[in-house]
Structure formats: C-alpha cells, structure tokens
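Can you build the whole structure from these sequences, using the hints too?
Numbered by our numbering, the letters in the sequence shown go through residues 1 to 334 in order.
No lab work stands behind these hints: they were computed from the structure. Mixed in with the good hints there might be a few duds.
Stated by the list, open to error - Taking lysine-lysine pairs in the BS3-like style, the calculated list, with each CA pair at most 27 angstroms apart, reads:
| no. | residue 1 | residue 2 |
| --- | --- | --- |
| 1 | 218 | 141 |
| 2 | 218 | 190 |
| 3 | 218 | 252 |
| 4 | 252 | 284 |
| 5 | 252 | 141 |
| 6 | 141 | 208 |
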Amino acid sequence: MKNFIPLIIAVLFIGAGCVFQKEAPADLEEPVAAIVQNVNGIVEAYDVETGLVTVRTATGAIEEILWLSDAVSPDTLLGQMIVASGERDPSTLVVIADAVDVPESQNLMVASPGIGATVTSPLVVSGFGRVFEGAFNWRVKDVDGTVLDQGTAMTNARDVGWFGSFTFEVFLPAMTSQSFTFEVLDYSAKDGSEQDLVSVPLNLLSTKVSSFNVYFGKPASGSADCSLVFPVRRTVAQTAAVGRASIAELLKGPTPEEHAQGYSTSIPEYAALNSLVIGDRTAKADFTRGIEPGGGSCLVTAIRSQIENTIQQFDTVDEVIISVDGESDTALQP
Numbered sequence: 001m002k003n004f005i006p007l008i009i010a011v012l013f014i015g016a017g018c019v020f021q022k023e024a025p026a027d028l029e030e031p032v033a034a035i036v037q038n039v040n041g042i043v044e045a046y047d048v049e050t051g052l053v054t055v056r057t058a059t060g061a062i063e064e065i066l067w068l069s070d071a072v073s074p075d076t077l078l079g080q081m082i083v084a085s086g087e088r089d090p091s092t093l094v095v096i097a098d099a100v101d102v103p104e105s106q107n108l109m110v111a112s113p114g115i116g117a118t119v120t121s122p123l124v125v126s127g128f129g130r131v132f133e134g135a136f137n138w139r140v141k142d143v144d145g146t147v148l149d150q151g152t153a154m155t156n157a158r159d160v161g162w163f164g165s166f167t168f169e170v171f172l173p174a175m176t177s178q179s180f181t182f183e184v185l186d187y188s189a190k191d192g193s194e195q196d197l198v199s200v201p202l203n204l205l206s207t208k209v210s211s212f213n214v215y216f217g218k219p220a221s222g223s224a225d226c227s228l229v230f231p232v233r234r235t236v237a238q239t240a241a242v243g244r245a246s247i248a249e250l251l252k253g254p255t256p257e258e259h260a261q262g263y264s265t266s267i268p269e270y271a272a273l274n275s276l277v278i279g280d281r282t283a284k285a286d287f288t289r290g291i292e293p294g295g296g297s298c299l300v301t302a303i304r305s306q307i308e309n310t311i312q313q314f315d316t317v318d319e320v321i322i323s324v325d326g327e328s329d330t331a332l333q334p
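Here it is, written out as structure tokens:
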C-alpha cells in the first residue's frame, strides 16, 4: 500500500494542475476591411511606383486611394474631383477603390451640410469649386424663395483649372420658418446669368433670434470727433457666438435703408475676421490685411471705434485688442 501512496499523490497533483491550468488564448480575429462609399476629394498627387493616389477632402484631410481601374489614368486627373468607393485596408487605411467617378460637369459641390440636415447658426459650409479666380457666391432663401442674405466665398485652388476646397461659416438671418435653402452659385462672365447652381434644402433647429448693436459713423452729425459712432440694431438667427455674429454684421456695413438715414462705415469692403477670442474680460479680434485702410489717423480711429464699441457692448468684455494676421503692435496705425 505504501508503494501506491506516491503514485496517488502524483495523480492528484497532475489532476489539480489540469483543473487550474489557464485556457489557451483564442486566436485573434483578423481585422475586417470596412466598406467606404463616396470618398470625395481633389487629386493632388499620383505615385506611379505604388499606384497610390493622394486625395484631399473638403475638410482638408488626406486620403490615399489605390486605383484599380485602368479606365482613366490618375496622372491625367491632377487638380480634378473624384468620387471613390471600395474597401479600406484596416492595416494601412488605404482605400482600395473598385469604383471611381469623375464628375466633370459639376464646378461647384457642397459636401456639408447634407440635404435635409437640421442646422444651427453659424452654418458651416464645406465643399469644392472650380471657378474663375476661386470666387463664387452663396445665398440664403426662405421657404418662399426670398433671398434673406448673400455673400461671396473663395476656394483654395492651387492653379487655374484646378478644383479647390472651401470651408466658411454663415451667421443665418432671422427666419419665421424653420425650412430654408442654402445655395452656392457662380455668374457667367459673358452675360451675368446664373450657372453651376447647387441648392441644399435645410431645417433650422429653432426660429429664436439673437439681437445686438453694430456701430457706424454718421458724417451728417457735424462732429469733428473721428471716434463718434452710433448703434444700429441687428437681429439674426439664435447663436451662441454673438460676438462673432456682431462683427460679421458690422463688416457687412449699413443696409441701403441705413445709408439713406446717413449711416456710413469706415471699414474697408474686403476686411474679414480671422478669429475672436474672449477671456478674462478681454476680447482679442484678429483681422485679415483687408482691415487696413491705407492711411489717415482719423480713418484709423473711426475703424477702431466701430470695432471696439461693437464688441464692448457685451457684459463680458472690458478691453479689445485688435490685431492683423496675428500682429497687434502695428495693427491699425495711422
């Protein structure tokens, strides 16, 4: 019996080891390629050796696409728009395209917002354009087709004949209906007719409004004070960015009715706001070079007064620092 005791102990030990032995890890699943549809972008480069096409999307992101079709050679499409569909390689993130469309007939395309989207203000619009000197028009129409607001925007096209992407924001006008249409278009240089029109039906989240003042000069007042400005009320679709909205309205200048009442602006037509940052009761407003008037201390004083009074109407601001392309020391100097 004693001879069997060591054997029994060994069997028990082995059995216990089997009980407590960890399970072998399961084989890791291979990552699955994701189906991608309608990758829109501009062909920026083509690597002949690898066959990879570099495409820039409307948001500025870069996509690499492996072109399987030999129907059209990628090197003939530099600067042009393509729409690709296929599978995304999970390891390289390259899109292996099994279908590529070249929308040659379209010169303006809106990538975002999509048709029927519910939006707020400011409305951020992105897309692509191939237009003369990169400039095109936009407008906002109410449910009855009345134009409520309009303006111009630019693409970042590299060269003549190339598509360029665009992203810009529009502070929407006050509306009585949530349904409206946003349009981008171009005008014929030959006869001024509309062309390349793209209409995007949209829905505004709320018809509530935001109101504030913008400040203009009034030369007929007879004052020699260059800093003297007067408030004019503006009402737009409700927005959390009332500071930027007020500057956007200020840069538009007086309406025809306000001009008839004697209001004027000293701010140049092509001025644009780069950014507005408010913190610690200080507003930092950075503008493009277009804000520079080109001389005259009275003119500079008037521009500063319009901007400062428009921003300082808000309770959170005591001081305004104006800069031009990031430089404040030399901004708006006579």
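Hint compliance check: list the failing hint numbers for this structure, sorted ascending. 1, 2
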